[in-house]
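Student: Chains A and B are the protein sequences, given in the same order. The working numbering applies: residue 1 is where the first sequence begins, and numbers increase by one. The working numbering applies: residue 762 is where the second sequence begins, and numbers increase by one.
To be clear, the hints were calculated from the coordinates, so they are not data collected in a lab. None of these values were measured; they are calculated from a predicted model. Glycine included, every Cβ here is placed at the ideal spot set by N, Cα and C. Careful: at least some of the hints might be erroneous.
To be verified - Capping the alpha-carbon separation at 27 angstroms, the derived lysine-lysine pairs in DSSO-like fashion look like this:
id	chain 1	residue 1	chain 2	residue 2
1	A	644	B	875
2	A	418	A	592
3	A	682	B	875
4	B	767	A	682
What the hints assert, rightly or not - Chain B side only, calculated, beta carbon under 8 angstroms to chain A, not exhaustive:
id	residue
5	799
6	829
7	839
8	855
9	856
10	865
11	867
12	868
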Amino acid sequence: MSFTSSRNIGRSIARLEGREKVTGRIEYVHHLRLPGMLYGKIFRSTSPHARIVSIDTSAAAAVEGVFRVVTIDDIRTVIPHPYYGPAFHDQPVLADGKVRFAGEPIAVVLASDPHVAAQAAALIVVEYDELPAVLDEIDAMTSAVCVHDELKPAATFPDLQHLKGRRGTNIALDYKLRRGDVEEGFRNSDHIFEHTFKNQPVMHTPMEPFVSVADVADGRVTLHTASQGPSFVRIEIARLLGLPENRVRVKVPYLGGGFGGKLYIKLEALVTALSLLVKRPVKISLTMEEQFFMVTRHPCTFKIKSGVTRDGKIIARKCEIIWNGGAYADIGPRVTQKAGFTSAGPYDIENVWIDSYAVYTNRPPAGALRGFGAPQTAWAYECHTDMIADGLGIDKIEFRRRNLLRDGRPQASGTVMKNAALEQAMDQVLARMNWSAPLNRSEGSIRRGRGVAVGFKGITSPTTSVAILNLYGDGSCGLYIGTVDMGQGSDTVMAQIAAEVLNLDAENIRVVHPDTDVTPYDMGTLGSRSTFHMGTAVRLAAEDAKRKIEALAEELGVPPGANLPLSELLRRKYGMQAGNIIGTASFIPAYKKPDTETGQSDNATPFWGVGASGAEVEIDIETGRITVTKLVNVADIGAALNPKLAQIQISGAAIMQLGFTMTENMEFQDGHLTNGSLADYKIPNLLDMPRVFINEWVDSRQETGPFGAKGAGESATIALSAAIGNAVADAIGVHLPDLPLSAESVFNALQRQASASEVEA
Amino acid sequence: MSVSRKIRFSLNGRPVVADIMTHETVVEVLTQRFDLRGARESCGQGLCGCCTVYVNGLAVSGCLHLAALMDGAEVTTIEGLEQGERLDPVQEAFISAGAFQCGFCTPGFIMMVKKLLEKHPDPTDGRVPVGGVAGR
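All chains should be built: construct the whole structure from the sequences, respecting the hints.
Tutor: Printed below as a string of structure tokens:
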């Protein structure tokens, strides 16, 4: 889409806060210090699963400068039922008689000097009665070891209520989708393909580690927190304390990255309880290592089975996905459900059966991470797609074309596809890959291969955004929204939307940052929802303001078309520079809840996220080393409201997923994380960038979105891993079913291949 | 555990003095004594580069470099790059290229790129050797 006539939309307006970012002056909670503030240092569990026999805090408390040492017994004096969570009220503010993962917070030392707090925390001694631990998601399905005695779904999720009180299980959600008759489909198939794929645990590693400051005084809570969801934080803290919402204030400046990690409640309940206890402001900043104990991305095991006709039509598909949710559910049940819903892939399949399970294990909790599970499922279904095409001897692109969902056709849930440019995105990838040109496949010990993948995701629904737009006496404009700018550029894009409606310049709009005393409700900055949901609310709020300006002109008897500036209208009305025009609007898209037994719904998502990727790799068969030499990512983001920011979001998502594909892997030994630092857990840097790295979007339009736009934050994560996996298989002739794709796994696969061919010989 | 001492150094061209603990790092002292927010601790291991400052012209990781080592030194931080209202050309380039997202690692990147350009004024080989900074 081009918007050549527009003053704001479709223009690469530089980030409004750019200058503050390059000068280092920008505000993060990371830097916040309040008078009288204490620093908290967390003492963490050294056992993955144990009953706590005793906690000896005496030596820590005796350290000079320690203000107080706090355990769950202290917390309970201020919060009688100290359990929280968005889906289940399963997570204690501090370990409550039991630890469920190695790294779980047990106690906190408070001191004015963070060094003193850290030194004292090291002196805490806990005696454990060790319990057997369940770590693997497959084991967790049937294990006699249960992480929780009883399931406690939160009231906010009506679809989890059937799990209430369930005992003797680790399954925190069992999502089902049934379409057609899958067994009949398999019987009618000429070929059956069945494969199992695994994703590893990875972590968001925001460069600004998790940090929250609570200041409780005079019956009011003020939280300054690096959170993607200030409205949720307020509601959950108010619930824990039994306060009305208006006595909890949550303020969020800029975030140093979030990626889904800083959602829901993280440190907020703990710092609030601590501040309540000691009647002073309390700050907890995690170290990079501690971040790995806060939240992770779900590892999963995905068993996928397809029935295919001899001419390459998929007619039946069965998916069983088991998501390792760790010790606390966080938003895992939503990940399980949302990713489950699209796990059969973007294909037009008559008979589909999906079982998607969230399970508890004794590992750090897993939550949302840039894609709500879609990248994990696409890793499986898109490698599987290539393996089927190989098995049938059909070209992989042609095989996709025969099966891709087209607009107007029902997806597995029954929801009809609309504005989902799947084939268009794939074609653009092929063009940028120069796919029709031959590839020089072999040179010395180097083998080359290339691969393509395409995937999609549904959007968390139904969710609400509310916006307030305030035009002041001089006609300048403030935009009050709860969307958190964590680097995606939402301040700029929201200002562009408001400015476009009001015929102003985006650069002149002041975006007021989330402060629940001031900014209205927003469900959260997550799941590629802000541009679509908040963007629509902002557009509607601006239109509301525009109508009010017109009404004011009419009231003042100003003839239509006189085009008096707002400042002049307000001056005439109030006799001086005074008054406001306040526009407001809320937006919640239409939605139909899927049937619990069949997953069927004719309106399961407000829009579709679409991503296609292509990769070219070089593999050194002597070492197994993989080099991604070319990486192309094409997303369907609807119309690009700010092309520069869209491009950066797509490339940022791609680089992140490149790390999750090639190097990142939280390694555990007997339930203990062994590589929780950037020294041992390798995130990509500039030297890891592919030589050719192309990130684009298709020419498309989301009819229901603001100025034709939809979300862009996650699309490039979806298909990327499978594109590289398919390229590796193309190079060496073996599909590696598990992520990450390490030199070691390639080398081992080559060795197995060699010994198998020796046996045949 | 704590021993304090007084250090004197030049901070962005101005002479300053600070009472510090000997275990405190450069980034702690810059943040807490001088309210400078540009150098910030992230990985805490000298790997991500978010805390990069120059000490006597050398780029160092402020999270590992002890504050005591600033005594008598010339220290430059991202806050020292602006000339009045005018940004450093590298800062301008980061804005015009849109070369940042959340901005947390940005001062570190700018300090590293500036140092790179001092040594290689024309790094046109296509592989810019700035491996000492991580972003996300």
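Student: Can you give the numbers of the hints that this structure goes against, from lowest to highest?
Tutor: 4 and 6
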